[in-house]
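For the protein sequence lines, the chains are A and B, in the order given. Following the working numbering, the residues of the first sequence are numbered contiguously, the last one being 253. Following the working numbering, the residues of the second sequence are numbered contiguously, the last one being 553.
For the record, the hints were derived by calculation from the structure and aren't laboratory data. Every residue gets a Cβ at the ideal spot worked out from N, C-alpha and C, and that includes glycine. Worth double-checking, as some hints may not be accurate.
Covered stretches of chain A (chain B as the covering partner; in silico rule of three or more C-beta atoms under 8 Å from a C-beta of chain B) [to be verified]:
| # | segment |
| --- | --- |
| 1 | 75-82 |
| 2 | 86-96 |
| 3 | 221-235 |
Next come the chains, spelled out residue by residue.
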Amino acid sequence: MPATFTRHPVEIERKDTGIGGKPPLDRRPTGGGGDGDNWENRPPGRRGPRELLSRYRLGVLFALAGDLMFFVALVSAFFVRQSAGHFDARENYVSDWHPLAVPPILWINTAILILSSLTMEMARRQLFHEIDVMDEWLGLGRPAVKRATPWLVATVILGVLFLAGQWIAWEQLVQQGFRYTSPDPSSHFFYLITGVHGAHLLLGIVALATALGALFILRRVEMRQIVVDCTAWYWHTMGLFWIFLFGLLVFFQ
Amino acid sequence: MRSRIFTTHHRTLGIFYLFLALAAVTVGTLLSLVMRLHRVWPDLSLPFFGAMKPEDYLALVTMHGTLMVFFVLTIAPQIAFANLVLPEQIGARGMAFPRLNAAAFWLTALALLVLLAAFFVPHGAPISGWTSYPPLSAVPSAGPGQGAGMDLWLASIGIFCLASWLSAVTMLTTILGERRAGMTWSRLPMTVWAWLITSILTLLVFTVLLAAVLLLFSDRHFGSSFFVPMGDLVNGRIVGRGDGSPLLWLHLFWFFGHPEVYIAILPGMGLATSLFANFARRRPIGYRLMAAMLVAIGLLGLVVWGHHMFVSGMNPYAGTAFALTTMAIAVPSTIEVLCWLAILWGGSLLLRTPMLFALGFLSFFIAGGLTGPILAQPALDAYLHNTFFVVAHFHLVMAMAGVFSIFAGIYYWFPLITGRMMNETLGKLHFWITLIAAYGTFLPMHLSGLAGEPRHYERLSGPATSFPALLPVERGITHSALLLAAAQLIFLWNLFASARRGRIAEPNPWEATTLEWAPESGRSRVERGPYEYEIPANETNFNPQWERAAKEE
Numbered sequence: 001m002p003a004t005f006t007r008h009p010v011e012i013e014r015k016d017t018g019i020g021g022k023p024p025l026d027r028r029p030t031g032g033g034g035d036g037d038n039w040e041n042r043p044p045g046r047r048g049p050r051e052l053l054s055r056y057r058l059g060v061l062f063a064l065a066g067d068l069m070f071f072v073a074l075v076s077a078f079f080v081r082q083s084a085g086h087f088d089a090r091e092n093y094v095s096d097w098h099p100l101a102v103p104p105i106l107w108i109n110t111a112i113l114i115l116s117s118l119t120m121e122m123a124r125r126q127l128f129h130e131i132d133v134m135d136e137w138l139g140l141g142r143p144a145v146k147r148a149t150p151w152l153v154a155t156v157i158l159g160v161l162f163l164a165g166q167w168i169a170w171e172q173l174v175q176q177g178f179r180y181t182s183p184d185p186s187s188h189f190f191y192l193i194t195g196v197h198g199a200h201l202l203l204g205i206v207a208l209a210t211a212l213g214a215l216f217i218l219r220r221v222e223m224r225q226i227v228v229d230c231t232a233w234y235w236h237t238m239g240l241f242w243i244f245l246f247g248l249l250v251f252f253q
Numbered sequence: 001m002r003s004r005i006f007t008t009h010h011r012t013l014g015i016f017y018l019f020l021a022l023a024a025v026t027v028g029t030l031l032s033l034v035m036r037l038h039r040v041w042p043d044l045s046l047p048f049f050g051a052m053k054p055e056d057y058l059a060l061v062t063m064h065g066t067l068m069v070f071f072v073l074t075i076a077p078q079i080a081f082a083n084l085v086l087p088e089q090i091g092a093r094g095m096a097f098p099r100l101n102a103a104a105f106w107l108t109a110l111a112l113l114v115l116l117a118a119f120f121v122p123h124g125a126p127i128s129g130w131t132s133y134p135p136l137s138a139v140p141s142a143g144p145g146q147g148a149g150m151d152l153w154l155a156s157i158g159i160f161c162l163a164s165w166l167s168a169v170t171m172l173t174t175i176l177g178e179r180r181a182g183m184t185w186s187r188l189p190m191t192v193w194a195w196l197i198t199s200i201l202t203l204l205v206f207t208v209l210l211a212a213v214l215l216l217f218s219d220r221h222f223g224s225s226f227f228v229p230m231g232d233l234v235n236g237r238i239v240g241r242g243d244g245s246p247l248l249w250l251h252l253f254w255f256f257g258h259p260e261v262y263i264a265i266l267p268g269m270g271l272a273t274s275l276f277a278n279f280a281r282r283r284p285i286g287y288r289l290m291a292a293m294l295v296a297i298g299l300l301g302l303v304v305w306g307h308h309m310f311v312s313g314m315n316p317y318a319g320t321a322f323a324l325t326t327m328a329i330a331v332p333s334t335i336e337v338l339c340w341l342a343i344l345w346g347g348s349l350l351l352r353t354p355m356l357f358a359l360g361f362l363s364f365f366i367a368g369g370l371t372g373p374i375l376a377q378p379a380l381d382a383y384l385h386n387t388f389f390v391v392a393h394f395h396l397v398m399a400m401a402g403v404f405s406i407f408a409g410i411y412y413w414f415p416l417i418t419g420r421m422m423n424e425t426l427g428k429l430h431f432w433i434t435l436i437a438a439y440g441t442f443l444p445m446h447l448s449g450l451a452g453e454p455r456h457y458e459r460l461s462g463p464a465t466s467f468p469a470l471l472p473v474e475r476g477i478t479h480s481a482l483l484l485a486a487a488q489l490i491f492l493w494n495l496f497a498s499a500r501r502g503r504i505a506e507p508n509p510w511e512a513t514t515l516e517w518a519p520e521s522g523r524s525r526v527e528r529g530p531y532e533y534e535i536p537a538n539e540t541n542f543n544p545q546w547e548r549a550a551k552e553e
């Protein structure tokens, strides 16, 4: 029987470049990446700064998937309710749905929210610059925090502006005689959808404020990245949800 | 882990969840016994309660259903068992977000308290069933218990939705990101596959229920008309102000409600696979096929909700589509059953108590599942829908199969948790009495359902109904139900006595292969599949997952 040469498993597994040398692209502490689902060659123990970040990102992703279904339910209720009606005395199918003209200020609000998503993304990216992380590691202050803070503050201001704008829109509707308690189903949906989305944004502003505080309190670079990164994905998603909800309220009355 | 109460340790939380489910199942069972007694002796005066009015019977139906579906069948097989062993089974150090996980438990406990509080508010518990169909549920003046009781019900379910959402997020993140090195998809125990799918279902459907609850709450208190139809007349007063659609609630509710059934039963299917492999000492035939069929059942479960609405005035074309998707579920379910039978066929089965309960699960899954395709026919369902046939169907396939999987899990993991074995003799006694009494309770319901006995009626004789001929069957069912409940006292005795004085268990008493039984030291990487039995050249005949694989494979 001829001797066969079998490779030792350790040789196959070793993909790490070890000490020194530039880490491969997917292991650098910047956004994106990850090692796919290569669990066969997954090294045991802690796998660097990406591990915690991707865990939290995954959690936020799943939480938002559930949240998406919440809004999907509201939107499908919107369409079902829109087509609901009854037969009147002459056997005509009539509906109590009257399209609602949304207050024009919503267009401005939408622009503000899109802008806030941009500032949020700027803030998020500030925290993932490798050179800044290195500076901090060398004891040269916290350049990442310094650069991200103005963007975060801008996002908070824009978020508050958006909510104030929504408030003004509600006030305008009330002055036109559309209240939540008025019998019009389209106004129910307007208040419900904008209200629920506003509550989500309020939560986002609280998260932003927390992230802003956490930037100065948290000592680990990794944790600061996580806080801002997760808030950012939440914020972007709420912006995206709003664009769809706004389109629904404007074009599908 | 400084605090013993506000712990974030997943296994302790799992035990907490089990006790929560035990509290709910105790109350739920007592309620069902009162219902059974009332059906046979409607004029019986109960201690602490007095004579029962028809609306009290409906309140019992509502609370029994809500407790059992939400706080027992959703919690125990999925969340409680997953907290007990999921991190160990995939070789994780713990849940991905331990504090979120703990928060989910406390929210669930709060939801249970809020629900039980409905008994003690003026006019008592709500009467609109666990499905809470409007307009009965949407109009506070529609009946006793539809005021404060219904509000508490809605609050409880809303909190429960949030809690399930949080624990699903935790579980999914754990399964996807926290597996040990080498724990690939094809090495996951089947329970983990099941928990993965139920978590996805939970994520997708519980938030829909939350939205529906929000809309219903708005209808009740803020004058909107999502669900209340035009001209709806309640107690001589018109309450319907807009063209609300009760069918909308049915769609939203059953979009949640049907996947909920799979949330309750899929963990049992995963556990049955593990137990059959373990106690038959055989590899499952077609591991990938079984996992894929679990996924298929979960996905199909999302598109069948309409079969609950055949008799509610649904478009017949939609009904046909839902009938087709519903019958399609029979295919993956049958494949699962055939795979299980293939494991069991000709195997030398070790009939220990957990195995017996897993076999009982299989028996109920088949017996209850066979009536599924019957009820999936809109034409047959038109007759059967509001009869006891449906009660029999879902109590066999969901309730009994679910409960037997819970028992199997408790008997199986008891040594892991307490370090002691449960008493085998008492366990077997418990199994046989429960099995016989459960069939004695729910099989005759098929017959009375075929005879046309309506569900939701509080009595069979009297001016309203004319089914006195069915009373002997009813009497038999009630006696069987009493026996079924009494048999659980054996279980409770066994549980608490064995926890204190049971035989000390050796490590890995069932000779299992999955990682939760691994000794502390043997936790490196995973190189084996979950069910490596039938090893010819191995004297122990099984290779646990924590042992290193041989050099050449």
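Hints, verified against the model:
no.: 1; hint: 75-82; in the structure: holds (count 4)
no.: 2; hint: 86-96; in the structure: holds (count 3)
no.: 3; hint: 221-235; in the structure: violated (count 0)
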